[in-house]
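Novice: Residues 4 to 57 (my numbering) are what the sequence shown spells out, left to right.
Take these hints with a grain of salt, some might be off.
[To be verified] Quick list of simulated restraints, FRET-style, between CB atoms: (1) Leu13 to Leu35: 31 to 37 Å; (2) His25 to Glu48: 33 to 39 Å; (3) Ser36 to Lys14: 29 to 35 Å; (4) Lys52 to Val31: 28 to 34 Å; (5) Leu7 to Val31: 33 to 39 Å; (6) Asn6 to Ser46: 56 to 62 Å; (7) Ser11 to Ser46: 51 to 57 Å; (8) Ser46 to Trp26: 27 to 33 Å; (9) Arg17 to Thr41: 32 to 38 Å; (10) Ser46 to Gly16: 42 to 48 Å; (11) Lys51 to Ile28: 30 to 36 Å.
Calculated directly from the structure, the hints in this document are not laboratory data. Cβ atoms here follow ideal geometry from the backbone N, Cα and C, with glycine treated the same way.
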Amino acid sequence: MFNLDVFSTLKKGRLRLWRHIHWAIKAVLSSLSAFKITIAQHSKETNKKHFFNL
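Take the sequences, apply the hints, and build the full model.
Specialist: If you want it as structure tokens, here you go:
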């Protein structure tokens, strides 16, 4: 009985940890994609400027 309780507690803790890790990864990925979008927009703007300068 005691072992089962410990196991279930560990399982719950692991699930909670995985949820936290999942959210952290999601946040990082979303911020990275936003960063990529801003870089792409910036490069487009600079390319336009260079094109017009030529």
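Novice: For the pair Asn6 and Ser46, does the Cβ-Cβ distance stay inside 56 to 62 Å?
Specialist: holds (58 Å)
Novice: Between Ser46 and Gly16, is the Cβ distance one that fits in 42 to 48 Å?
Specialist: With a Cβ separation near 45 Å, Ser46 and Gly16 satisfy 42 to 48 Å, so the hint holds.
Novice: Taking 30 to 36 Å as the hint, is the beta-carbon distance of Lys51 and Ile28 inside that range?
Specialist: holds (35 Å)
Novice: With respect to the beta-carbon atoms only, verify the hint that Lys52 and Val31 lie 28 to 34 Å apart.
Specialist: holds (31 Å)
Novice: Using the C-beta atoms of Ser46 and Trp26, is the stated range 27 to 33 Å upheld?
Specialist: holds (30 Å)
Novice: In this structure, is the beta-carbon distance linking Arg17 and Thr41 contained in 32 to 38 Å?
Specialist: Between Arg17 and Thr41, where Cβ atoms are some 36 Å apart, the hint holds.
Novice: Take a look at whether the Cβ-Cβ distance between Leu7 and Val31 falls inside 33 to 39 Å.
Specialist: Since the Cβ atoms of Leu7 and Val31 sit about 36 Å apart, the hinted range of 33 to 39 Å holds.
Novice: With respect to the beta-carbon atoms only, verify the hint that Ser11 and Ser46 lie 51 to 57 Å apart.
Specialist: Holds, since Ser11 and Ser46 (Cβ atoms, about 52 Å apart) stay within the stated range.
Novice: Go ahead and decide if the range 31 to 37 Å is satisfied by the Cβ distance of Leu13 to Leu35.
Specialist: At 32 Å between Cβs, range holds.
Novice: Could you check the hint for me, namely that His25 and Glu48 are 33 to 39 Å apart, CB to CB?
Specialist: holds (35 Å)
Novice: Could you say whether the range 29 to 35 Å given as a hint is met by the Cβ separation of Ser36 and Lys14?
Specialist: holds (33 Å)
Comparing the model with each numbered hint stated earlier shows that all of them hold.
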